[in-house]
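Required output: the full structure, derived from the provided sequences and hints.
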Amino acid sequence: MSDARGQLSSEPAAGAAVRAAFGVCLALVALLVAAGAPVVRAQTPQELVWAGDSEGGAPFVEADPARPDRMVGFEVEIADLLARGLGRTPRFINITFASITQSIARGDADLGLNGLEDTPANRAALAATVPYYRFREVLSVRSADTQRYRSLADLRGRRVATLGGTVAYEILLAAGREHGVVPVSFDDDTHPYTDLVVGRVDAVLLDNVLAERMLKKVRGFAVQPDSVAVGHYIGVLAPGNTALRARIDDLVRGAMRDGSLERILRKWSLWNDDQPALHQQVLAGETIPPTVGSDAVAAATMSGVEAARRYLPSLLQASMVTILLSCLSMGLAVVVGVLIATGRVYGSRVVRIALTAYVELIRGTPILLQLFVLYYGIAEAIRLPAFVAALLGLALNYAAYESEIYRSALEAISVGQLEAARTLGLTERQVLTLVRGPQAFRLALAPMTNDFVALLKDSSLVSVLTVLELTKQTQIFATNLGSWVIPGSICAGLYLLMSLPLSALARRLERRWRTPTA
Amino acid sequence: MTAPVVLSLTDVHLQRGARHILTGVTLEAHRGELIALMGPSGSGKTTILRAIAALEPFDAGRIVLGDVVLEGGAKATRDTVRRLRRAVGMVFQFHCLFEHLSALDNVCLAPIHAHGVSAADARARAGELLASFGVEHRASALPRELSGGEAQRVAIARALAVNPPILLMDEPTASLDPERREELGALLQRLLAQGRTLLISTHDEEFARRFATRIVRLERGVVKER
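Protein sequences, first through last, are from chains A and B. The first sequence begins at 511 in our numbering and counts up by one. The second sequence begins at 5 in our numbering and counts up by one.
To be clear, the hints were calculated from the coordinates, so they are not data collected in a lab. Be aware that a few hints might be false.
[Said to hold, decoys possible] Simulated pairs of lysine to any residue, SDA-like, Cα-Cα distance not exceeding 25 Å: (1) Lys726(A) / Ala889(A); (2) Lys79(B) / Thr27(B); (3) Lys967(A) / Met1008(A); (4) Lys79(B) / Arg932(A); (5) Lys79(B) / Gly857(A); (6) Lys79(B) / Arg939(A); (7) Lys79(B) / Ser858(A).
Below is the structure:
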């Protein structure tokens, strides 16, 4: 009998391992196909499909406040100008900023045009146009700190924010090594400034265009006059699309020559002394070098193995953040979940209604929304540090799910067990802690472990709160390399390394505590 | 019978929804008696045991165990229930051993946590009880590893570990083969000899005739015959 059971139990485990391995292979093949074979979609030749992120807002691309279905911005006007020159109709598609270059490589649109920087990575992975705008990376600090923090060198040990996947972020990484500043990566270009003003970060390094725009919206910070670096905005096309690129380059030069680009920039208050110099260089056919942020110089051109070797330490470090965050939030979720479950089983009517409402609210709304509310929504009242907000967000969310597991486990303990304990003279509290709780805990262990695996992966969501965990680090790595193949594979491997042992543990617990049928 | 009355039920009524389960049960048990409650299924045998153990509130009448009084229609105070549970132990039909604890720990749980006995003393006494019922070799087994007869002995030991003068048993012979039934009968006789009072519900006419000092028959919630 015990032999038969042994066979039965080892078979599903082996089967699961085979299935898991097969799944990994499939995923990798899909990744390779997606990244290795960029397909330039046959666009209707009458259209110029161009991509940007309207969340970035004015002056780049923004939904027209008067007519939200229409886009406005200086890049919208440049796209119109280019489309006119090509004899096509412009059509805008919205792509998340961090994904624009990948999306163009895939062939989702003809042209990416959204303050994209002229970097070695973009040049290597895509067909880049000539630059159409020169910007400066400038340092913004709180008004009170203008004397204290004049340059990155003054910001040792201080948190400096920027937009992830940009040259500015690369500069901050280099400054981290050189001056000990702590880089903080955001997914958007507004929150770095609001977090600067409320004190979560001490400086922001971003394009002067963005800094000047935010000066009009947010009070309490100032822009330092000395720029940290100079960069250029370019348009990007799929790597094979050089013919269209050549025509667009001609149109950009034409617009510089006849002053139509200047008119657009003036209209959006973007014309400054840097631009005539740029126009002159472009029209003279001078080589304009890409902006290099740090020693990630050659990331775009280095071999896969070299890239993996170079990025592995930071991915391992990010895995530590993922593990730490997951363990702490699961621990908290278990404690809160036990309290909620106990309250729902033993509490008064009011307590039960309140706890049920909490569980339904958490389960019925997206965790992303909850994270935003915790970090940004209540920042006026309580200013939680990013890691704490991430930890609390995950813990409070998972507590709701854990409480449901514990509640059903508590309710699964037979009345006979409880009555037997009562007739022996145990108090209700003792019945819970000595009989009902321990038995329920055994029932809950396997589903809890499964939830822990889920939380490990959901922890990637907290990157929206600037916490640099494994997925975010992978995304940065992929942006630098201009490819997801190697970073994606390493990232998947690391997650599996963390989750497979947990899944195996869940299966073992399940077998061990399975209620005997005989 | 000159032995003192240790348990009495007077005109106990119990109704669940429209169903009248007990309709005026009156019964006295003297010290050293083994009373077998008999009757068809649904006649209220188990309900009487549960009412005595304060697991089932009843609507009218009175149950008295020594100095503990349960009144029908009133919620027993915490103190009453506490004193009641020192006076009466219960062995359930399906034993209801705590599934996460070994046989020995099942027996030790109440002495340690409800009666403040030291763990060492409780374990020693539990070992003696298991030995006296012939199951000491199963002390470290989990309930799911015990046979029906073994589980029953452990359940009896668990109920006796806090030394209640009255023991209630629900269908104790239901899952026993004839040999085990004989052994149970002998065991119950020993408990009587120690001066305990036993009240058992059973369908087993032969067992009742052989071992009970008195048979009480129930029909539709009332005592028909003594």
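Structure-based check of all given hints:
1. Lys726(A) / Ala889(A): Holds: lysine 726(A) and alanine 889(A) sit about 21 Å apart, inside 25 Å.
2. Lys79(B) / Thr27(B): holds (19 Å)
3. Lys967(A) / Met1008(A): holds (10 Å)
4. Lys79(B) / Arg932(A): holds (16 Å)
5. Lys79(B) / Gly857(A): OK: lysine 79(B) and glycine 857(A) at ~20 Å, within 25 Å.
6. Lys79(B) / Arg939(A): holds (19 Å)
7. Lys79(B) / Ser858(A): holds (18 Å)
Consistency with the previously given hints is maintained throughout, with no hint failing.
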